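Here the protein sequences come in this chain order: B, W, G and F.
Using UniProt numbering, you'd call the opening residue of the first sequence number 1 and step up by one each time.
Using UniProt numbering, you'd call the opening residue of the second sequence number 1 and step up by one each time.
Using UniProt numbering, you'd call the opening residue of the third sequence number 1 and step up by one each time.
Using UniProt numbering, you'd call the opening residue of the fourth sequence number 1 and step up by one each time.
In short, the hints are calculated from the structure, not lab data.
As the structure is a computational prediction, the values presented were derived from the model and not from experiment.
Hints may be right or wrong, so weigh each one.
Only pairs whose alpha carbons sit at most 20 Å apart, straight line, appear in this in silico SDA-like list of lysine to any residue [said to hold, decoys possible]:
#1 G/K260 <-> W/Q160
#2 G/K262 <-> W/I96
#3 B/K21 <-> B/E269
#4 F/K21 <-> F/L172
#5 W/K262 <-> B/R157
4 protein chains.
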Amino acid sequence: MTQMGLRHRLYRQMEPNARDKTGLSPFNLFIVILVLLSFLALALETEPTMSDDWMLAIQWFNIAIIAIFAVEYLLRLWVAGEDPRYRGLKGRLRYIFSGYAMADLVAFLPELLWILFAPEDSSQQVVMVLRVLRLARLAKISRFIPAFDVLGATLNRAGQQLFTTLAMAMALVYVSAVILYFVEGVGGLQQESFASIPRAIWWAIATLTTVGYGDVYPVTPLGRFFASVIAIAGIGMVALPAGVFASAFSDELRERENAKLKARNEALEEEIETGEVAPKGDA
Amino acid sequence: MTQMGLRHRLYRQMEPNARDKTGLSPFNLFIVILVLLSFLALALETEPTMSDDWMLAIQWFNIAIIAIFAVEYLLRLWVAGEDPRYRGLKGRLRYIFSGYAMADLVAFLPELLWILFAPEDSSQQVVMVLRVLRLARLAKISRFIPAFDVLGATLNRAGQQLFTTLAMAMALVYVSAVILYFVEGVGGLQQESFASIPRAIWWAIATLTTVGYGDVYPVTPLGRFFASVIAIAGIGMVALPAGVFASAFSDELRERENAKLKARNEALEEEIETGEVAPKGDA
Amino acid sequence: MTQMGLRHRLYRQMEPNARDKTGLSPFNLFIVILVLLSFLALALETEPTMSDDWMLAIQWFNIAIIAIFAVEYLLRLWVAGEDPRYRGLKGRLRYIFSGYAMADLVAFLPELLWILFAPEDSSQQVVMVLRVLRLARLAKISRFIPAFDVLGATLNRAGQQLFTTLAMAMALVYVSAVILYFVEGVGGLQQESFASIPRAIWWAIATLTTVGYGDVYPVTPLGRFFASVIAIAGIGMVALPAGVFASAFSDELRERENAKLKARNEALEEEIETGEVAPKGDA
Amino acid sequence: MTQMGLRHRLYRQMEPNARDKTGLSPFNLFIVILVLLSFLALALETEPTMSDDWMLAIQWFNIAIIAIFAVEYLLRLWVAGEDPRYRGLKGRLRYIFSGYAMADLVAFLPELLWILFAPEDSSQQVVMVLRVLRLARLAKISRFIPAFDVLGATLNRAGQQLFTTLAMAMALVYVSAVILYFVEGVGGLQQESFASIPRAIWWAIATLTTVGYGDVYPVTPLGRFFASVIAIAGIGMVALPAGVFASAFSDELRERENAKLKARNEALEEEIETGEVAPKGDA
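Please work from the sequences and hints to get the whole structure.
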């Protein structure tokens with residue numbers, strides 16, 4: 001192998017596609033773990049029963065996270081130059097406005113600015129907006145876990161079927177709600193929970209997805225009769241889009257894995273043919 | 001292409017089968033959206049906590065909808081003449097008594113008559129009947145979304161299996177209810193909710209569909225034991241008809257899509273052969 | 001076709017296997033409907049809020065049912081002579097002690113005896129026993145709906161896999177219950193509902209089958225954490241036996257349908273070859 | 001067959017792999033039943049409403065179990081010498097530190113020591129620890145039911161897909177919880193149950209697994225709207241890892257059964273060829 005500078009080495013650490021091994025590089029693994037921890041911190045931070053000591057620890061952790069993500073952002077901006085697309089000033093600008101870079105920026109900048117310039121303004125609105133913006137950190141993970149961008153491909157692949165089954169499910173939910181509204185809300189015992197179609201839709205969704213919280217249920221014999229028929233006939237219907245999606249998602253995932261394996265094998269074979277590297281036993 | 005009159009052009013806009021592109025025509029898309037909005041309006045209209053302003057807006061929207069659907073009905077009646085089956089006076093009568101045309105009529109006429117002749121009679125009975133009749137508008141959508149008429153074909157295709165599994169599920173629900181009735185309603189703590197077989201059936205359905213509202217559940221150890229056995233053994237059984245249906249529905253849908261694609265391709269090839277149109281790149 | 005006596009004609013009406021058409025004979029259809037109605041009557045009879053008029057009607061219906069089933073039993077006993085196995089006195093005895101004939105007897109005799117000899121004794125115990133015995137009428141239906149005896153074949157077919165997955169599910173339920181018992185019942189807030197392993201098993205079954213009545217659920221953070229992990233990891237596990245059963249049942253059903261169709265075709269072809277009947281268009 | 005000593009005969013009884021028939025040997029069946037009974041006893045023992053007589057019976061049963069398991073342990077240690085790996089003193093030490101032998105030891109020793117040396121110390125802590133240790137008896141069963149060690153192979157087989165789908169499910173749970181936290185806990189009616197993200201996660205898991213206890217559910221229109229969308233879109237997502245696992249588990253199980261059958265057939269054929277045993281009809 002030829003010599004390579006620090007930037008190139010960093011690039012191979014930070015850019016998943018530039019890496020010649022499978023799996024995350026140590027650097028990216030560290031980032032992923034930080035993001036997961038920051039989500040855990042976000043969750044715990046909102047819990048009012050946490051002790052003050054914990055809250056203080058979480059605040060310091062948040063500041064550390066922001067600092068690390070700021071450094072990461074600058075590093076990624078620097079090493080982006082290794083990619084022909086992002087070379088030069090114009091390339092860097094293109095990088096800055098790329099989706100992942102934007103998400104990276106949102107993931108630390110608003111909170112950094114707040115800490116630097118207005119830490120005393122801890123009104124609920126500000127805190128809430130900052131917390132919502134932290135969800136942009138999800139993009140940091142999605143860059144490494146291919147499944148997250150499989151979603152779009154799945155929706156594409158199963159589009160027509162998914163749309164049809166969703167339309168059927170929606171129609172069923174609506175009609176079920178209308179029936180129960182007439183039986184339980186208008187006729188029968190005039191239950192408050194079925195007093196309008198939107199409320200009956202809440203019942204229909206809770207029932208047809210089989211969640212069944214138990215906050216709303218029919219009490220008249222007629223209402224129970226219709227609810228029974230709807231439940232037995234409709235549960236399969238409402239589960240259909242989920243099934244279609246699951247199956248398409250699973251197919252997409254398998255295909256990608258196969259394509260990736262094939263590409264890797266071909267690359268390896270080519271390398272062997274060109275004599276660049278000798279085949280190893282653990283390949 | 002040859003010249004064509006307004007009626008022919010409208011016919012190709014309104015009749016999905018006469019259209020040479022896939023997807024809805026702008027006119028039909030407009031109708032579908034109106035129907036969906038009218039269902040939304042129906043739902044909101046029943047909500048007692050809506051403000052008066054909203055209620056007034058919804059009423060005006062309803063009147064507009066009825067006017068549009070009336071115009072649509074007359075237009076469809078006019079352009080039906082393009083279809084050989086519905087040509088001439090006798091053909092038009094045949095059209096009027098066809099399923100979709102009847103549904104189109106029910107979708108606006110009763111409410112139109114009520115607005116014109118008896119708007120002051122807003123007794124609950126009349127309002128409720130009018131609201132139920134609005135469900136006929138579902139037929140307007142089902143004309144364009146093939147899935148809605150796939151239902152019949154699916155029931156045909158899976159008929160025998162569906163019937164058998166439904167019979168098994170019903171038998172299981174009944175026997176489960178009888179067991180719990182004897183254990184919880186007659187013996188044990190004599191729960192009110194299990195005091196008769198019909199009430200126990202309500203429990204059995206809520207349990208075996210896994211909805212589990214929590215309004216009824218066994219409390220004695222023996223009742224819980226039987227309920228556990230029934231749940232573990234029976235859930236698969238009761239989910240079977242839904243599974244059979246879902247699988248047949250999905251198969252039917254796929255076959256239709258393939259058949260449609262094939263027909264379109266053949267038609268295209270024929271056109272190319274006869275030299276009517278030149279093959280385009282985006283075919 | 002040759003002449004045949006009344007008994008032979010009745011035999012072909014009553015014995016499904018002796019019938020040359022598919023579907024139920026009018027006589028058997030009548031019996032099946034009667035059985036279903038008798039189950040409906042049984043259900044309604046137990047409902048304390050039914051009016052006295054209805055109760056009286058149901059009682060008369062019950063008496064009519066018993067009379068009809070008694071006549072049916074005697075008829076079946078008579079026509080059984082058409083079957084070589086049940087010919088003669090010894091054959092008839094063999095018939096009487098066959099499973100279906102026993103169930104037929106239990107389906108009417110106890111109640112007939114009670115009506116004839118001790119109608120005044122309507123103590124709850126007697127009424128309950130009589131009601132339970134009526135479930136024997138299920139056998140009357142199972143004779144005609146092949147699916148009911150498919151159950152045994154299914155259990156045979158999927159035996160090993162079913163047993164293994166059930167054992168896994170049971171182990172999971174038990175271990176989940178033990179964990180929640182220690183976390184919620186012994187440690188934590190010492191909930192009454194988790195105060196013993198049997199009670200925690202009730203929670204585990206309600207959760208892992210996703211019924212979730214809501215009568216029992218963890219409230220401590222640790223309990224909720226374990227419950228979450230158990231739910232996400234375990235639901236697939238507990239649904240596995242049901243899935244294995246459903247798939248084997250569906251396979252068994254399809255195979256039987258195919259075998260039946262094939263047998264019918266072969267019989268038909270043979271008949272055509274031997275020239276007994278001429279092939280008809282609607283075959 | 002040649003003569004064989006008691007140890008060899010016992011070895012064939014105790015070691016499943018040394019047995020030439022399928023199924024459990026009488027000795028191992030006895031052990032499995034004892035383990036199952038001991039788990040039943042453990043469950044009943046924790047139930048505070050059990051009568052004192054039952055409790056006494058259970059205590060005696062526990063002592064008997066411990067004695068039997070102690071004897072079983074010593075026997076297994078003795079017969080382990082039949083296995084070349086565990087021959088001699090060094091081999092025995094290796095056996096003692098093997099997984100199953102350790103579990104066998106934990107299954108009786110702690111409780112035996114407690115009975116022998118400190119029965120008067122029945123503080124809750126001690127009792128609880130002893131009860132938890134009894135779960136080690138599961139290993140006794142897992143030795144005979146191959147399914148238990150199929151788990152590892154399944155996780156291996158479906159690893160990548162399982163991980164991806166689990167990550168998606170986790171992300172969905174988290175994002176759903178955050179949305180409902182902002183809508184129901186921060187905005188809206190400020191429900192206590194949604195007052196922090198961890199609490200909202202409890203709701204998200206109960207909903208997306210369709211357990212739906214009903215202890216937590218949205219009440220504001222906006223919250224119900226988001227919950228509906230999340231439920232319909234997300235249930236398939238969260239069920240995906242369970243589906244992936246179930247399918248891989250089922251595949252693994254089938255493959256193993258086939259491999260076992262094949263191995264048995266080959267062994268049989270070899271025996272026939274070498275003339276060691278004559279082929280029997282019931283093979």
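Hints, verified against the model:
{"no.": "1", "hint": "G/K260 <-> W/Q160", "result": "13 Å, holds"}
{"no.": "2", "hint": "G/K262 <-> W/I96", "result": "46 Å, violated"}
{"no.": "3", "hint": "B/K21 <-> B/E269", "result": "15 Å, holds"}
{"no.": "4", "hint": "F/K21 <-> F/L172", "result": "49 Å, violated"}
{"no.": "5", "hint": "W/K262 <-> B/R157", "result": "19 Å, holds"}
Checked against the numbered hints listed earlier, the structure breaks hints 2 and 4; every other hint is satisfied.
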